[in-house]
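In case you want the letters, here they are:
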Amino acid sequence: MSAAHETVSPGSARAARYVIYAALIFLALVYLLPLYVMLSTSLKSLDEIRGGDMLALPGDPSIAAWVKAWGEACIGVSCVGIKGYFWNSIKMVVPAVVISTLLGALNGYVLTKWRFPGHKLVFGMMLFACFIPFQAVLIPMARLLGAAGLSNSTAGLVFVHVVYGLGFTTLFFRNYYEAFPDELVKAAMIDGAGFFKIFWRILLPSSGPIIVVTVIYQFTNIWNDFLFGVSFSSGEASPMTVALNNLVSSSTGVKEYNVDMAAAVFAALPTLFVYIVAGRYFVRGLMAGAVKG
Amino acid sequence: MTTIEPMPVVVPERRKPSLADGLRNGLPKLVLAPSFAIILVFVYGFILWTVYLSFTTSKMMPIYKWGGFDAYYRLWSQPNWYVAMQNLAIFGILYIGICIAIGLFIAILMDQRIRAEGVLRPIFLYPMALSFVVTGTAWKWFLNPGLGLENTMHNLGWESFKFDWLVNPKMAIYTVVIAGVWQASGFVMAMFLAGLRGIDGEIIKAAQIDGASTVSIYRRIIIPLLRPVFLSAFIVLAHMAIKSYDLVIALTGGGPGNATELPSTFMYSYTFTRNQMNVGSASAVMMLMGITAIIVPYLYSELREKNQ
Amino acid sequence: MNIRMISKLAAGAAMLAMVAGTAKSAEQVEVLHWWTSGGEAAALNVLKENLQKQGVTWKDMPVAGGAGSAAMTALRARVTAGDPPTAVQLLGFDLRDWSEMGVAANLDDLAAKEGWDKVIPPALQAFSKYEGHWVAAPVNIHSTNWLWLNKAALDKAGGKVPTNLDELITLLDAFKAQGITALAHGGVPWQDGTLWEAVVLSTGGPDFYKKAVLDADPAALSGDTMKKVFDTMSKLRTYFDPNFSGREWNLSTALVIEGKAGAQEMGDWSKGEWLRANKKPGTDFVCIRFPGTQGSVLFNADQFMMFDVGGDAEKAQQKMASAVENPAFQIAFNTVKGSVPARTDISDEKFDDCGKKGMKDLNEASTKGTLMGSLAHGYAQPAAVKEAMLDVITQHLNGQLTTDAALKRLPEAVAAAK
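Taken in order, these protein sequences are the chains called A, B and C.
Residue numbers are given in the numbering used here: position 246 of the first sequence equals residue 246, and the series is strictly consecutive.
Residue numbers are given in the numbering used here: position 187 of the second sequence equals residue 187, and the series is strictly consecutive.
Residue numbers are given in the numbering used here: position 406 of the third sequence equals residue 406, and the series is strictly consecutive.
Here chain A stands alone, though its shape is the one from the complex:
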C-alpha cells in the first residue's frame, strides 16, 4: 500500500518526500531530546552543569560520573554504586518474564484450540486483570506473601510480577493463536499427537513474533517497576529502580546531576537495548495479532 504516491508527478513527489523526511527527522530530534539531555549531562562536570546550558554539548566529556554511578556512589550507608542492584533486577526479571510468557502461551493455546464452555468468560476475566491499579493490591499482597513466607524475597517479587503479567501475556498469545489455522492442529490430533506435543511441535515453533512482543513488553514493565520493588524487597536485594530512586531523590546533600544521569542511563540500558535490537520484530509481532486485542 506504500505505493500511494506513485500516481503523482515525479517533481511534486520528490518535494513531498523531502517534506516527509524533514517532518520525520524533526520529530525524531524532539523525541531524542530527553535522552540527549541525560547522556550529555552525564558526561559533564558539576561546574559545567551549574553554569552552562542544558542543551550544550559537554565541553570536556568525562566518564567519571559513569564510573562513580556504577561502582562508587552511595546508596544508604554503603558506597558501592548501582552495579549490585543491576544484577538484582536481572535475577528478578529473567524468571518472571520466562514464567509469565510460558504460562501466557499455554493459556492462549487452551483458550483458542481447546475451547470449553465459558472460555470467553474466563478470557474476559483474565483480560480485565490487566487493568487493576497496582497501588490497590499492595497491602493484601504483602499479607499473602508474608503468609507464604515469601515476604521480602526475590522469589516473592518474581511471583508478584508473574501474577500481574498473566493478563497481558494471555491476551497476546490468545489473539495470536486465534489466527493460527485450526486445520493444522486437527491434523496433528488425527496423527495421535497429544496436548503438549501439539503445543511444543506445532504452535510454539511458529510463535516467534508474538514471543518477541510478549518478552519485550514484560521485560520492559518488570524492569521499570518501582512500586512492587520498593514494597516487596529491601536493602541490598532491591531492584535497580529502587536504588536509582534512592540515589536520585535523596532528600539532602549536594546534588550530583551527572552521577544521577549516569545511573539513570545504566538503568535504561537493558530496556533500550531490547527495544533497539528487537524493535523490528515488535512491529511485526503487533501486526501478527496483538493489535487486534
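Worth flagging that the hints you see were computed from the coordinates, not collected in a lab.
Quick caveat: nothing in here was measured; it's all calculated off a predicted structure.
Careful: at least some of the hints might be erroneous.
Claimed, not checked - Okay, derived cross-link-like pairs now, DSS-like style, lysine-lysine, Cα gap no bigger than 30 Å in a straight line:
no. : chain 1 : residue 1 : chain 2 : residue 2
1   : B       : K170      : C       : K235
2   : C       : K260      : A       : K83
3   : C       : K53       : C       : K235
4   : C       : K350      : A       : K255
5   : B       : K170      : C       : K260
6   : B       : K162      : A       : K255
7   : C       : K418      : B       : K65
8   : C       : K48       : A       : K255
9   : C       : K418      : B       : K243
10  : C       : K53       : C       : K156
11  : C       : K357      : B       : K170
12  : C       : K418      : A       : K255
13  : C       : K260      : A       : K255
14  : A       : K255      : C       : K176
15  : C       : K228      : C       : K280
16  : A       : K255      : C       : K280
17  : C       : K260      : C       : K151
Given the coordinates of chain A, assemble chains B and C onto it according to the supplied hints.
Same frame as chain A, but now just chains B and C:
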C-alpha cells in the same frame, strides 16, 4: 459475555468416550486452572477486599470494623478528589487524543517507504522503554523555566520566550500531558504501523486506478480500515491514563499546590501517607468502576464479534 | 531465541535468590531510613561501625523520596507481611500510630538503666513513649524556625539582622534591590508548611501557635491573626524566584550559598549544606531564629522506632537503641547533620556557633514550655490533619485559593480529616 452458551467445540472429535479421551478433555482445563485461580484470588479477591475496606474505619492499616458509607462521604467532600477527577478528564482526553493523532501521523509518514525506517522506528519507540523513575529528572529539568527550555531560548537570544507551565498551577497539567504523549505516542505509532502494513494493497491499487488522490485514499479507505487499531489504541491509552502515577510523581509530585493531582496519586497518598486507608480504598473502588465502564463494553463487543 | 537456555538461566537465578534469602545471621539489625545523601549516610555510618564493633551486623534498608512517603509504603508492606524491620526512622504522630497497632518493642529496661527519662526533653518523650513505655530511641532534635542569611548580601543591605516581620520585609526589599532572589524557597507542601508555621509563630506568638496548630482550634484557624498570617505568606510569595515550584530544599540552600539568593527559611539540616560547602557560620553565613520567634523552638526529631521482632534479634535491637543514645554518637551524628543532640546533658563544645545557639535555645524553650512540635514534620498533628492543613497552605501560596477562601477552608479541612 455474561451468558455462558455452549460453544461449538472446535478441536476434540467426539467418538467413543474413553479414559484417554477424558484425560485429553481435562488436561487443557488443568493447564489453565492455576493461572485462572491466581487471577481469581489476586485480582478479584483483592478487588472484593478493597471494596470491603472502603466500608470500614481503616486508618493507617486495615481495620475490619464496619464504617458504612463514611469513607465515600468523605471522599466526595474532598476538594482534592474533584481536582483529581477534573485533571483526569483534561489529561485523559488530551493524552489519548494527541497520542492517537501523533501516532497515526508518524505511522503514515513512516509507511511511505522511508529509507531509514530501521533507524527512525526505535527513536520513536524508545520512550516506552524508559520509566519516569529514569527520565523524570531530565524532564523536570527540561520543563523548569530557569534551567530548561526557557533558559536555553533566552541564551539563544530569544528573550521574550516564556515556558513556565511546570510552575503555573493553571498550566502544570499540560506539562504532564506533554511528557505522557512523548512516552506513549511511539507505541501507538507502532500499532498503527502494524495496522497499515496489514492492509491489503489491492484495495488501494484499485482506488488509485479510479483516480483517487493520496489524501482521499487515506481519508476514505485506509483510516476507516484502521478502525480496530483505533479501538485497541484507545483501550491501551485509556488504561494507562487512569493508572498514570510515576509520570505525575516524577514531574510535579502533584503540585504546584494540588494542580496536577490525579485519582491514582490521590489514592496512593490517602492510603499510604495520610493514614485514611478507607478513603483511599473508596477512591480505588471509584477508579475500578471507571475502568469497568470503559473495558467491559469493549470486551463484550470484541468477544461477541469474534463469535461469528 | 532458545527457550531451553533461558529456562536454565532462570532456574539458576531462582536458586541463587533462595540461597541469598536464607542467610540471616542472629545478631543483625535491619534499619529502614531515608537518609541517603552523602553527609547523612556518613553520619549513619558512625552508628553502623559502633554496632559492628559489638558484633552486630547492619542490614541497610534505605528508601528515599517524598520525605519518607515511599519508606512508609515499604514499612506497611513489611508489617502486614508480619516481617517488620528491626528499627525504622519515624517522626511525630507516626510513632503513635504505629505503636497503636501493637507492633512496637519495649525499651523500658534499657531506658531505665541508662536514665533516658532524665536527659531527654519531655516534649520529645511524649512521642518516644507510648502509654508510658519507651518504644523509640530519639536520634536528634531539629528545629524549623530558622532563617539562613548570606553574610555578604546581609552586609550589603546594612548588616542588621531582622527581629520582626516588618524588618524582614525591609531586608527582603533590600535583597531585591541588589538584584538577587530575596527569599529562596522550594514549592513543595512540607516546605510551604515549614515557612507557614514560622510565620504563625512570629505573628501570633507561642500561645497562638499552640491554639491554632497544636489544638487546631477552628476560631484560631479562621480569625484575624490567621488572616495576617496568610497575608504575610502572600507578601513573602512575591520575594520568590519564578522557578521555586517543586524545588528541593537543598537546591534553594545552594542559591543562598552561591549568593544568588539572600535568605532561606529552613530547618537546621540546612546548615549541613553550608558546612559541606566549607562555609563558616558568622563569616560566610548567619543563622538567626525566624524574625519574631526568638525564645520559641519548633522541633522535629528523628527517632528510631523499634519494632517487635522477638528472639535473638531483640538483643541486637537493644544494642542499637543504646548505641543511638550514646553521647559520642550523638555528638558525631549531630555535628554533621546540623541538628542538636536529643539528650540535654551533652556539652556544646564540639558544636559550632549555630549549634551552640540551637542547644541554648532548646534548653530555654524546654524550660519555658515553648518547645512545640512542627506541623510540617508531623509533630503537631496526625498525618491526616497535617496533610489537610498543608493542602490549604500550599494551595493558597500557589494562588489557587484567596486568603478569604483559605481562612474558610482551613477549619473545614481539619474537621473533615479528623
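For each hint, the structure was consulted:
1. Our distance criterion of 30 Å between C-alpha atoms is met by K170(B) and K235(C), whose separation comes to about 21 Å.
2. For the hint linking K260(C) to K83(A), the alpha-carbon distance of about 37 Å lies beyond 30 Å, and the restraint is violated.
3. For a cut-off of 30 Å, the pair hint linking K53(C) to K235(C) is broken: about 54 Å separates their Cα positions.
4. For the given pair, K350(C) sits about 28 Å from K255(A) by alpha-carbon distance, which is consistent with the 30 Å threshold.
5. Between the alpha carbons of K170(B) and K260(C) the distance comes to roughly 28 Å, so the proposed pair stays at or under 30 Å and holds.
6. Of the pairs offered as hints, the one joining K162(B) and K255(A) holds, with about 26 Å between alpha carbons and a cut-off of 30 Å not exceeded.
7. For the proposed pair K418(C) and K65(B), the alpha carbon gap of about 17 Å is at most 30 Å, so the pair holds.
8. Restraint check for K48(C) and K255(A): satisfied, since their Cα atoms lie roughly 24 Å apart, inside the 30 Å limit.
9. Distance hint between K418(C) and K243(B) is fulfilled; the C-alpha atoms sit about 29 Å from each other, no more than 30 Å.
10. Restraint check for K53(C) and K156(C): the C-alpha separation of about 51 Å exceeds 30 Å, so the hint is violated.
11. A threshold of 30 Å between alpha carbons decides the hint, and for K357(C) with K170(B) the separation of about 43 Å lies outside it, so the pair is violated.
12. Pair hint K418(C) plus K255(A) does not hold up; C-alpha atoms about 38 Å apart against a cutoff of 30 Å.
13. The straight-line distance between the Cα atoms of K260(C) and K255(A) is roughly 17 Å, inside the 30 Å bound, and the hint therefore holds.
14. About 27 Å separates the Cα atoms of K255(A) and K176(C), which keeps this hinted pair within 30 Å; it holds.
15. Distance restraint check for K228(C) and K280(C): the Cα-Cα separation of roughly 35 Å exceeds the 30 Å cut-off, and the hinted pair is therefore not satisfied.
16. Of the pairs offered as hints, the one joining K255(A) and K280(C) holds, with about 21 Å between alpha carbons and a cut-off of 30 Å not exceeded.
17. As the CA atoms of K260(C) and K151(C) are separated by approximately 12 Å, the hinted pair is consistent with the 30 Å bound.
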